[in-house]
Every structure is written in structure tokens, then in C-alpha cells.
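Turn these sequences into a full structure, and let the hints steer you where they fit.
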Amino acid sequence: MRKEITILLSKEPTNIPLDEDDEFAYHEGIHMCIDNCKNNGITDDGMYVRLAYPTADNMPTPAPAFIVVGGATLSRGLTIEGLISTFFLRSVSQADTLMQMGRWFGYRKGYELLPRLWITSKTNDQFKFLAALDQELRDEIHEMDTLGKSPANYGPRVKNTPKASFIRITAKNRMQSAQATDMDFSGSFNQTYLFDNDVAVLKHNIVETEKFIASLGQPEERKECNQHAENSFIWRNVEFSLVKKYLEEYKFNSRLGVFNDIASVIAWIEKISAEGKLENWNIILAGKGSGSVWNSPVGPVKKVSRTRKKLKNESDTVINIGVLRDPKDIIADIDLEGQPQEIVSKVKDFKSKYAKEIRSLAGLDSTPQLIVYVIDKDSKAVKGSDTREDLNSVEDIVGICMNIPGGKRGTDYTATVSIHMQNNPFDDEGDLEGTNEN
Numbered sequence: 001m002r003k004e005i006t007i008l009l010s011k012e013p014t015n016i017p018l019d020e021d022d023e024f025a026y027h028e029g030i031h032m033c034i035d036n037c038k039n040n041g042i043t044d045d046g047m048y049v050r051l052a053y054p055t056a057d058n059m060p061t062p063a064p065a066f067i068v069v070g071g072a073t074l075s076r077g078l079t080i081e082g083l084i085s086t087f088f089l090r091s092v093s094q095a096d097t098l099m100q101m102g103r104w105f106g107y108r109k110g111y112e113l114l115p116r117l118w119i120t121s122k123t124n125d126q127f128k129f130l131a132a133l134d135q136e137l138r139d140e141i142h143e144m145d146t147l148g149k150s151p152a153n154y155g156p157r158v159k160n161t162p163k164a165s166f167i168r169i170t171a172k173n174r175m176q177s178a179q180a181t182d183m184d185f186s187g188s189f190n191q192t193y194l195f196d197n198d199v200a201v202l203k204h205n206i207v208e209t210e211k212f213i214a215s216l217g218q219p220e221e222r223k224e225c226n227q228h229a230e231n232s233f234i235w236r237n238v239e240f241s242l243v244k245k246y247l248e249e250y251k252f253n254s255r256l257g258v259f260n261d262i263a264s265v266i267a268w269i270e271k272i273s274a275e276g277k278l279e280n281w282n283i284i285l286a287g288k289g290s291g292s293v294w295n296s297p298v299g300p301v302k303k304v305s306r307t308r309k310k311l312k313n314e315s316d317t318v319i320n321i322g323v324l325r326d327p328k329d330i331i332a333d334i335d336l337e338g339q340p341q342e343i344v345s346k347v348k349d350f351k352s353k354y355a356k357e358i359r360s361l362a363g364l365d366s367t368p369q370l371i372v373y374v375i376d377k378d379s380k381a382v383k384g385s386d387t388r389e390d391l392n393s394v395e396d397i398v399g400i401c402m403n404i405p406g407g408k409r410g411t412d413y414t415a416t417v418s419i420h421m422q423n424n425p426f427d428d429e430g431d432l433e434g435t436n437e438n
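Last residue of the sequence shown: number 438 in full-length UniProt numbering, and the count goes up by one each step with no gaps.
If you're looking for bench data, these hints aren't it; they were derived computationally from the structure. If you're wondering where the values come from, they're calculated on a predicted model, not measured in any experiment. Please note that a few of the clues may not be correct.
Pairs of lysine-lysine, DSS-like flavour, derived with a Cα cap of 25 Å [to be verified]: (1) Lys-380 <-> Lys-203; (2) Lys-245 <-> Lys-271; (3) Lys-302 <-> Lys-203; (4) Lys-377 <-> Lys-203; (5) Lys-309 <-> Lys-203; (6) Lys-328 <-> Lys-346; (7) Lys-128 <-> Lys-312; (8) Lys-244 <-> Lys-211; (9) Lys-128 <-> Lys-251; (10) Lys-310 <-> Lys-223; (11) Lys-310 <-> Lys-203; (12) Lys-310 <-> Lys-128; (13) Lys-251 <-> Lys-302.
If you want it as C-alpha cells, here you go:
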């Protein structure tokens, strides 16, 4: 490949030359093609500026290369043959428009690693958001199927969170038959996976966690019947007022979706709880079997180990661990004493995809859950990992998972709560100046 690249770079890039018969005369270098609707294609110097492929009769050896620059014509589904690398810039505010951009089909076998698609960091964030939104919707539909809910009593939802205001699903004229719904956080599982590597912030969260744990009193005695709870402390039937105070004091990273407007979540929980649709909370201070110890107000608990994803943007100081929760902790508060053998078997032979079903069978389908983790600041990545590196945090990190159940069949969990985005991390971030479309 080095030889071919050397040939391409041996000549200055030009438009496509025309010979004496006004036929295309391709050369061995790179051809610059400016494709738009206004230019007729031919310059005063006898150069053809628009995109034109050689035919089988005039195909030179080696095959010519092209750099194609365009606006409207390239954004309307034009197929570029032999495409190797592309950059597109079109700041959009609608999800369906974004999903039509950058589609790439026809990978040549054996060359899958060569193509490259370049976009701005803002567009990248939008694609990440849409991928997450799509997966959450799939998970929600799977959950409803597991719980035996049919479309007769359940309609798929696109969550109304601060994330949703980042990009519209589609244009208003295409949503004339859609019905706006009130906010509903039921069936959601949110976890902190982004953290500011700031010693003041991290120490603040540790102090607030100590206060919160102390306010809960003594945890229940550990029971041997549920092996998934043997390293954790558990509190049951905790009033939301204690959880609320903790959530209000905890300092979240500003890019954490739903946690970015925790006041709206709290308002929704208070409304639904007041209507008797959510019970008191179960709290889990999760630990592991070995490792360094965190001396909590109720006794020592082993810190968990989490590593960070390797940075793609070296200027980003935020720690991204990807996933905080251990799926087994979701069922740590299930008391197996007196439970039917069906539940005991499902817990012992636990599979994460059945976690919500197990909680429902155990009578916890309206019991919210808060799981607290203390992450060892010295967590080490597996040597040789291409995607992970040591945590390298300036202080131990407190992470939380908030599990709000989907609730009992036929129960309406919607509540009118407005989103107030005090800090939208996506506003113009990573975009090029002057390209934002509203």
C-alpha cells in the first residue's frame, strides 16, 4: 500500500484535465472534484471540476484517486465508488435526519479496516445518544414482554429527560398523530459512570455518603441464603426523604443525562410516592469479596474495582468507567427465606436479563432501589488491554445506581414534571463555529 500512496502523492492535486478532444485525461495523482449544483463543470483552464469516473475504456493504471467536496449533491444519497475516507459536517437537530447521514455500505472483503468516517465531536455525541436511546427502547420492550405486558396496556416510550431535549426525534409536521406524554421514570435504571477527577468533588461525595449511611441506622443482619448479598450491607423500607437529601447533596458530573436534572427526578418520585405507586426504598452498600477496605459508619466494606476507558480525547479530564453496576447487586436485597423454590433457583442460577423478572416474582415490583459503590482509586486494568487503563483517580470514587421499578401491571406512573436544564453540556460543544442549526 505504501507504494500506491507514494504514487498518489507524487503529483500536485488538480481537477480532472481535458485532452484536445475534450475527453477526460486522468493522471496518477489525486483529482480534486468540487461537486455542486451551480458549477457547469468546466473551468477557463480546461479543467473539469465535478466528479466523473473513468469508464472501462479509459481506466488508467493504477486507478485514479479523487477528493470530492460537495454540499447538496453529496448529501442526497450519492454513491461514491471506492470510498476510503469521508468527513461530513451538517449540524442537525433531528434524530431521523442524523441517522441518514454517514451511512456506508458495500465494504470490500479484506479491506474492512481501511474506511474511515470523520465527524465533529458534537455529531459523535449525538450518534452515541441515539444508539443509547435505541438500546434503552429495545430493553424496555423486552422487559414488558418478560413481565407479560401487551400493547393493550403498554405503549413504548421515548423518555422525556434532559437527553431528549438534546435532539428532536423528527420534525413537528411528521408527529401530528403523536401524543405528548407526561414524564415517567418508571422502569429506568440509571447509574453514574462519568466522574470529575477533582479531589474536592470526590471527597465531598465521600463525606455525603458517610452522612447518608449513618442516617440509615444499622443494616439488617447478613443472611447466608442469598450469596449475592454476602459482601454488602442492606437496609429495607427506607423513607425517600433520606434518599432525597443524599441525591441533592451528591455532586454529579454535568454530562450524566438524567442526573443532570436530579431535581426533576426527585419531584417525579415524590408525586408518584405520594399517590402510593412507589413503596419505600431498599438501599445496598455493595462490596466485593477481596481488596482494600472502606470503613463505613456501619462497618468495613471492600471497595470495588473499576477501570477507566482509554481516552479518545486527550484533553478530556473526566473519568469514564463505562459501567458501574454489577448485575448481581440488583437482586442482593431479595430475602430468600420462605420464598418459593422457583425464585430460589433463579437467584442461585442468576442471569442478568431476568433480574427485573426475579424482583417482580419476589414482590419487589414497586420497591425502588439505590445501590452505592465505593471505587478503589488505585484500580488496575488488565495488562495489555486495548480499551482499558488504570483508574488513576485522585481520590476514591463513590458511584450510585438508581433502580426505579416498572411497577405493577395497569398502573399509570406518569406525572407532569418540567425539565429545567441549568447546564446543557451539548450546546455547541464539539461543533465548528457558525454551523449550528436551530
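Status of the hints after comparison with the structure:
| no. | hint | verdict |
| --- | --- | --- |
| 1 | Lys-380 <-> Lys-203 | holds (21 Å) |
| 2 | Lys-245 <-> Lys-271 | holds (16 Å) |
| 3 | Lys-302 <-> Lys-203 | holds (18 Å) |
| 4 | Lys-377 <-> Lys-203 | holds (12 Å) |
| 5 | Lys-309 <-> Lys-203 | holds (22 Å) |
| 6 | Lys-328 <-> Lys-346 | holds (12 Å) |
| 7 | Lys-128 <-> Lys-312 | holds (14 Å) |
| 8 | Lys-244 <-> Lys-211 | holds (13 Å) |
| 9 | Lys-128 <-> Lys-251 | holds (24 Å) |
| 10 | Lys-310 <-> Lys-223 | violated (39 Å) |
| 11 | Lys-310 <-> Lys-203 | holds (24 Å) |
| 12 | Lys-310 <-> Lys-128 | holds (17 Å) |
| 13 | Lys-251 <-> Lys-302 | holds (23 Å) |
Checked against the numbered hints above, the structure breaks only hint 10 and satisfies the rest.
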